[in-house]
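One-letter residues, chain by chain:
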Amino acid sequence: MTSLSHPTAGGTSVPASPHSVVHAKVYGDAEHLQVPAAAAHVSSEQMLDWFKQMLLIREFELRCMQAYQEKKIGGFCHVYIGQEAVAVGCTAAVQHKDPIVTAYRDHGHALARGMDPKHCMAEMFGRIGGCAKGKGGSMHMFDRDNNLYGGHGIVGAQTPLGAGLAFGCKYMDEVIDGKPNSRVSLCFLGDGALNQGAFHEAMNLAGLFDIPVIYVVENNGYSMGTAIARGTTMAHSLITKAAGYGIDGYVVDGMDVVGVYADMKRIADKCRATSRPAFVDMRTYRYKGHSMSDPRKYRTKEEEEVFETHDPIGRLEARLKTAGLLTDDSLKAMQKAVRDTVRDAITWSDESPIPPMAELYHDVFVEPWGPYTGSSQPAMNGGTANPPSMRTIDTKEELS
Amino acid sequence: MSAVREIEYRDALREAMSEEMRRDKRVFLLGEEVAEYNGAYKISRGMLEEFGARRVIDTPISESGFAGLAIGAAMMGLKPVVEFMSWSFSLVAADPILNNAPKMLYMSGGQFGCPVVFRGNDGAGGQLGSTHSWCVEGLFSNVPGIKIAIPSNPYDAKGLLKTAIRGSDPVFFLESERMLGNKGEVPEEEYLIPFGQAKVIRSGTDCTLASWGRPVHFCMEAAEEMQKLGISCEVIDLRTVRPLDIGTVVRSVKKTGACVVVDQSWSFGSPGSELASQVHRHCFDDLDNYVHRVHSADVPTPYATNLEQEYLPNARKIAEAVRSATYNL
Amino acid sequence: MPINVTMPRLSDTMEQGTVVKWHVKVGDKVASGQVIADIETDKATMEQAVFDEGIIAKLVCPEGKQVKVGDVIAVLAEDGESVSDAASASSAAPAPRGAAPSAAIASSAAIVSSAAIVSSAAAASNAAATSSTSPAATRTIVADVHATDVSGEDRMRVSPLARRMASEMGVELSQVQGSGPGGRVVKRDVLLAAENRSAAVPATRGAQAAANELVAATPSMIPAAAASAGAIVHGAQSIEVPVSNMRGIIAKRLVESKQQIPHYQVTMKFSMDAVLALRGSLNEQLASMEVKLSVNDFIVRACALAMAKNPFFNASWAGDRILLHQQVNVGVAIALPEEKGGGLVVGVVKDANLKSLRQISGEIRALGEKARTKGLSMDEMSGATFTISNLGMFGVDNFTAIINPPNSAILACGAALEQPVVRNHQLVVGFEMAATLSLDHRVIDGAMASKYLQSLKQFVEGPTMLLV
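Read top to bottom, the protein sequences are chains A, B and C.
Per this note's numbering, residue 1 is the first one in the first sequence, and the count goes up by one each step.
Per this note's numbering, residue 401 is the first one in the second sequence, and the count goes up by one each step.
Per this note's numbering, residue 730 is the first one in the third sequence, and the count goes up by one each step.
If you are wondering where the hints come from, they were derived from the structure by calculation, not from laboratory data.
Among these hints, one or two may not hold up.
[Stated by the list, open to error] Simulated pairs of lysine to aspartate or glutamate, EDC-like, Cα-Cα distance not exceeding 20 Å:
hint, chain 1, residue 1, chain 2, residue 2
1, A, Lys71, A, Glu317
2, A, Lys288, C, Glu776
3, A, Lys297, C, Asp771
4, A, Lys336, C, Asp808
5, A, Lys71, C, Asp1080
6, A, Lys288, C, Asp767
7, A, Lys332, C, Asp808
8, A, Lys301, C, Glu776
9, A, Lys71, C, Asp808
10, A, Lys336, C, Asp781
11, A, Lys297, C, Asp767
12, A, Lys297, C, Glu776
13, A, Lys288, C, Asp808
14, B, Lys425, A, Asp177
None of these values were measured; they are calculated from a predicted model.
One chain only, chain A, in its complex shape:
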C-alpha cells in the first residue's frame, strides 16, 4: 500500500494515511490507489484557515445533534462529523464561481462554501432567517450567492443535477458567450448513491457530452447501515465504475485536508481545461450514525476507534503544532471563538421568528396565480420582466 505524503511549507511530511487493516476491511484492498503528482503549494494561512473551518463544522454539527435531541431540530438530521476535510479541502480547490451540489449531509458543504452559520442553523430550526426561509430544512441547504445548489434528499438525485449544472456553465460560456468553458461543477455523493440508476445515467451523459463535472464520492464505507462491500460491486475499486464510462477515476485520502486540497486542485484544473468529467473515490469516515436515530450497531467500537485516530482535525492539529503554527493557547482561543460563533448562531436562530403564514403559498411558482403569491426569486429572463403568461384567476371574485 502506498502512502500519500504532502510536503508542507515547513518541509516536514505528515504521517501516512490510514491504510491499515481496518481501513482495508472497510474499503477493501487499495491496490489501485493512484499516486498524485507533486503537491500544490499550501500556505500557512490556508492551513490555519482550513483548520478553523473544520473546527467550526465540527462544533456546529455537535450542537446540531444537541439541538435535535432538544427537539429544536425536527425531521432528519445527518451530521458530517469526521468528513470535514472533504468539504473544506474540495471547496478550497475550486473557485467560488464553480457550482457545488451535494446530498443531504450538507451542513459541512454549506459552511465551507461560506454560508453564515446563523442561516444554516436557523434553517434547521425552521425559522424565517434560514437560508431557505425555513421551508427546506436540514437536507436542503441552498445558497445562491455562494453557488451552492443544494442539499437534496433523494439518494443520487443530485447526480444528474450536477451534470446539468456543469452542462449549463459550459453552454453559457461556449454557446451564448462564445468563449471557452471556465467552470467545473463539484457534485458530492455518498458511496450508497453509486447504486442508484440516476448516477449511472448521469455518468453516461457526462462522459458522452464532455461535461466538466467532478463526482466526489464521499466514501465513508457505509450506506446507512450497510457496509459498502454488502451493497456495491467492485467496492474495493470504485474507480473501475468510472472507467466503465470512460471517465478518469482517482482515489483520494479524505482524512487529510491538505491532501484533499492538493489532489482536488489538480483534478479540478484538469477538468476545467479539458472539459472532461472526473470521478473521485474520496475515502473518509463518519464518526456518528447515518442520522440521529442510528445506534451504529453495524460496526464495531474498535473500528471506530481506529478511525478516530485519523480524525482530520486531529491530524491537522498535530501538523500545525509541529510546524509551530499552533499552540495549546491559540488552539483554545480558536475553539472558544468557534464555540462562541456557534452559540451565537443558536441564539440568533432561537430568536429568529417562525416563517409568517404567507410563506406557505410563496415560492411555489415564480408567477403568481390562484392562491400562489409568486416568488422572491430574481427575474429569470436576464433582467427583463416576465411576460404575464397567467391570467390571474381570482375564483372568489368570479364565482359567487
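Following the hints, complete the assembly by docking chains B and C onto the known chain A.
Only chains B and C this time, still in chain A's reference frame:
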C-alpha cells in the same frame, strides 16, 4: 392583417420551439432522436440544421438522467425543452420531474427556479399497448409547483408552447400522437396563449361539456349528435389542467344546469374528478343533476382496436352522459 | 454557569427515556464527546455522550427511572466553578433551553376545493352498501354514472336547481311530481307544476315570485319585495302606505293576468226564487245541526256540476295545448279584514262536484274563518280550477272579476235582489241575480260560454238538481 395558414399540429409545435430558440439563446432542445433523426414524430424536423448540435441535442435512452440534467441546467439559468418520446417514458424520470422540478423554488426559499418545459405524446388510441398509452395528467396534476398544458389543436399548441417556454416555471406539456397530423388555422403573426384560460368552442344552453386535449374532439362529435335530438351542448376546451379555469366552466353551468366532464385519464383521482368536485362546489344550487364524468375505462389500455375504441372516452359515451345528465334517456 | 444535561431525543418517536446506567459519578471531570450514560429509548439502548466539558456536579436522574425527553438528568460545573455551588444552583426547576415552537399550522385563506358532493343517489347507495368490495371502514364516495338508489327511503328527492326554482317561484314541492330517477324532482317538473297550479297567494310566508306559465320562469327571477313596516308621511300631500306582501302579490298577479289573458265577459241573469226557497227550508231542517247554507254554497255546487258538460271551463291554457283538469276544484274568493292587512285569498273546495251542499257549506265556512284568523295553508289555497267571486252580500248589482291564473274563467256574482221581473208574460216581483263570467278567449269562446251559463241556469233555477 396577418396571414392565416393551415398547418399541422406537429408544425405548430416546431414553430413554437424554433421561434423561442431564435429569440432566446438560453432555450435549447434535448431528447431521444430529436436531432439527427429529425424527431421520432418529425416534430423537430430541420431544427438541428438551423440551430446546430449544441442546441438540438440527441440524448441516450436515459430519461431520469437527462431530465435531471435539464433541471440542473435550468437551475443554472438556461431554459431547456425536454422531449419525452412518450409521456409514458416519463415514469422512469418520475423522481427528477416530480421531486426536483416542482419543488426547487420552494425548498430553496425562492433562490433557484426551474424554468424547464417537458413535452411529449400523451394519451391512447394508436394501439400502442398499455405501457405506451399513459395519460400522465391523471398522475401528475396532483403535484403543486407544475403547470400542465394539454392543447387540442394546432393554434392552441403553438400559443401555449410559446408561453410555456417563455415562462419561468416548470411546465408539463402534453401533446398527442393521434393529433400530430391534425391541421388547423395558425396565424403567421406571433401570439401567445396564457395558461388558465379556457375556450368555449361551441355555445349551447342545455348541457356543459368540459374537456381537455384530444377528447375535446369527441365532445364536439357528441354535441353534433345531441343537436339532432334538440339538446344544445356548450363545449369548453379547458386547454390547461393546472391552472384550471374553473370560472369559465362555472359560468357555463350556471346557464345550462347540467355538466359532463370528459377526461381521457382513468377516473379515480383524476383531473376530471377534480373538475367535477369544483363544479359541485361552485354550482351547487345551479345543478339539475350531478356532474357526470366520462373517462377512459378503468383498465390497462388494451391493444385490440375494438377494445381500445371502447376504452376511450368516445363520442357515444359522451352522448349517453349528456342524455343522462339532461334526463333524456 | 452550571450546564444542564437533559434527557436527549434519540429518535423522532421518543417521548421518554430511562438512564439504565451512569458511567460517571459526582466529581468526575468529563470531556466533550465522552460517554456518560447508557440510555434506554423506545427502540434501543444507546450510549449518550456529553457535549460540553466540565465536572459532574449532580446526577439528577437515578438509574432505572423513566423521565421525559428534555428533563434534566445531570448537571455539569464549568471549569473554575464550584461543584457544590453548581449542584445547588440548579436544584431550582431549570428553564428548558428554548423548546421548539409548536407547529400549529392553520390553513391560510386560500381557495380550498372542498370534497365532492356527489348525487344523493350515490350517497344513498353508499349507505346501503351491498357491494362486497367496500370495507366498512372506508367512506368511498363513488361518482359513478351507474350508481343506483338502493336506499328505498321514502323522502323527497329534489335537484338543487329545482329546489331553488321552486322556492323562487312559490311552487309547493310536495305537490310536484318528480320525473327524475327515484322520483327526483327536476327543473322541468317544477316548471310544469308552476304552469298548472293556481295563484296560490301565501299569506304568511315571506316574499315569493308568482308563477305564471306565461312568465319566463328563469332561475334568476327575483322575488317580490317584502313589506316594510309603518307608513311614512310626506308633508301634507299624501301618506305613504307601504304595500303589504299580500297586496304586492295580488297586484303583480292580477296585472299579469290582465295583460296576458284575452279577457271577455258574458253576463246572465238568474231567477233566484227557487234557490232562496230551498235554502230556507233546508236551513230550517238543518238548524239543529248548526248548518246554515248560504246562497253562495248553492252557486258553488251549481258551477261545479255544470262543468260536467262543459269541460273547457275546468281547463288551463298551456301554450301549445289545453289541460283539461280531472278534478273540479272551486276557488272561493275570501276577503280579509283590514286589520289583518286586507286583501283577499282564494280558498279552495276540492272535488266540489262530488261534495254535498252541506259539505261545501261547512268547508267554505271553515276556510273563511281560518283565512280571517290563522291564515290558510298552501294546500287550502292551491289547486283551484275555477273561481267564484261573490259580492252579493254588499248589495252589488253586478261586476266583472279578473281571471285567477291558471284558471280559464271566473264567475262574478252580484246580489239576489228583489226587483220587477217578467214571468209567464206577467210583471211580478222576484229575486234576480246577475252573474258575469270573465273568460279566457284562448280556451273558451262565446258559444261555449253561453252553453255553460245555460247549464248553470238549469242548476240554479232548478236547485233540487243540486241535491242529487
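Hint by hint, here is what the structure shows:
{"no.": "1", "hint": "Lys71(A) / Glu317(A)", "result": "33 Å, violated"}
{"no.": "2", "hint": "Lys288(A) / Glu776(C)", "result": "12 Å, holds"}
{"no.": "3", "hint": "Lys297(A) / Asp771(C)", "result": "16 Å, holds"}
{"no.": "4", "hint": "Lys336(A) / Asp808(C)", "result": "13 Å, holds"}
{"no.": "5", "hint": "Lys71(A) / Asp1080(C)", "result": "82 Å, violated"}
{"no.": "6", "hint": "Lys288(A) / Asp767(C)", "result": "16 Å, holds"}
{"no.": "7", "hint": "Lys332(A) / Asp808(C)", "result": "13 Å, holds"}
{"no.": "8", "hint": "Lys301(A) / Glu776(C)", "result": "12 Å, holds"}
{"no.": "9", "hint": "Lys71(A) / Asp808(C)", "result": "27 Å, violated"}
{"no.": "10", "hint": "Lys336(A) / Asp781(C)", "result": "12 Å, holds"}
{"no.": "11", "hint": "Lys297(A) / Asp767(C)", "result": "15 Å, holds"}
{"no.": "12", "hint": "Lys297(A) / Glu776(C)", "result": "11 Å, holds"}
{"no.": "13", "hint": "Lys288(A) / Asp808(C)", "result": "27 Å, violated"}
{"no.": "14", "hint": "Lys425(B) / Asp177(A)", "result": "10 Å, holds"}
When held up to the earlier numbered hints, the structure conflicts with 1, 5, 9 and 13 and fits the remainder.
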